[in-house]
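Chemist: Use the sequences and the hints to build the structure in full.
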Amino acid sequence: MPELPEVETVVRSLRPLLVGRRITAVALPSLESNGSGGRVLRRLLNEPAAAFQKGLCGARVEEIRRHGKNILIELRREGKHAARTCLLVHLGMTGRLQFEAIAEPLRPHTHLIFSLDAPGCWLHFSDPRRFGKLRLIEDGVRDLPALGPDPMEISREDFYARLHSRRAMLKSLLLDQRFLRGLGNIYADESLSRARLHPAAIGAALSRGQVARLFESIRDTLAQAIVLGGSSISSYVDAQGRAGWFQQVHQVYGRTGEKCFRCGSLIHRMIIASRSTHYCPRCQRAGRPLAPKAGPPGKGAR
DNA sequence: ATCGGTACCTGCACGC
DNA sequence: TGCGTGCAGGTACCGA
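Under my numbering, the very last position in the first sequence is 283; numbers go up by exactly one each time.
No wet-lab data here; the hints were simulated from the structure.
It cannot be assumed that every hint is accurate.
Simulated DEER-style distance windows between Cβ atoms [said to hold, decoys possible]:
hint : residue 1 : residue 2 : range
1    : Q205      : A142      : 49 to 55 Å
2    : I83       : C244      : 29 to 35 Å
3    : S215      : C244      : 25 to 31 Å
4    : S136      : E44       : 23 to 29 Å
5    : P130      : E28       : 27 to 33 Å
6    : G18       : R250      : 35 to 41 Å
7    : R137      : R20       : 20 to 26 Å
The beta-carbon is built from N, C-alpha and C at its ideal position, and this holds for glycine as well.
Modeler: Here you go:
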């Protein structure tokens, strides 16, 4: 679900109802209902559940930001133990933060419920596959994993310098959060398609013009996806339950065997960095590695 | 530095 | 209907 545009959409949908609110309690339904709940929460939280609850209760939400695919909920605790803290939420593959009326039936795999000082409004965190994580960190960004620059903030020159020093395949680079933060499988494929670059092309081998095309494509793709509220494949929705629309304009992702909108060729699928990679073999030739010379003479590699 | 493989999980679509 | 298989938007870790 959650790459940069989806996380940005969630952040924007969280703000109106969450900023300024106080967290009054944190309930852990999976701990109560399920024998393996303790193990689930240990993986999700990486600290004892009681300490996590204590760190959040009474804290007021000051601001919500995005850092790559991480959601940063900036908090201030008042009173005797006044302090600034930050709740980092990574949605993993299937994590969902959603406002609910508590009376509604609990969505399966709801692991946390944040009570707020707002009537009739609770924030639920659910995550069927449990690849998500929540971390309480003191004092902001210091403890975050070292991530690369944000694709919407990096300059064209810096992007060129970073890309030109790398000998990895473009798809691998775009998925690498230390190279650039926020892209995932969908937006890597979609950006490469719009830039008309082959996913297996080598970063260092691109011309200045090709790098510029990739730079613009990434920004345009992400910007358009944010406007459309992200891509809703299977179950993604924002904090108010609204689906995104960007999947309607996917050019290659999830379109294996369908016709390219530009040239009519069939979209191919290959594996790079052990991830499904979708591309048009005709439009995305630029930078393609040379075909192996294998095969009997006269049969020329295609 | 880079890559492939594996691991972590559940849910779903599919073919038989 | 039920079963097995493969696949899914995430990261982290290991060994080569």
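Chemist: Indicate, hint by hint, whether the structure satisfies it.
Modeler: Here's how the hints hold up against the structure:
no.	hint	verdict
1	Q205 - A142: 49 to 55 Å	26 Å, violated
2	I83 - C244: 29 to 35 Å	52 Å, violated
3	S215 - C244: 25 to 31 Å	29 Å, holds
4	S136 - E44: 23 to 29 Å	26 Å, holds
5	P130 - E28: 27 to 33 Å	29 Å, holds
6	G18 - R250: 35 to 41 Å	38 Å, holds
7	R137 - R20: 20 to 26 Å	47 Å, violated
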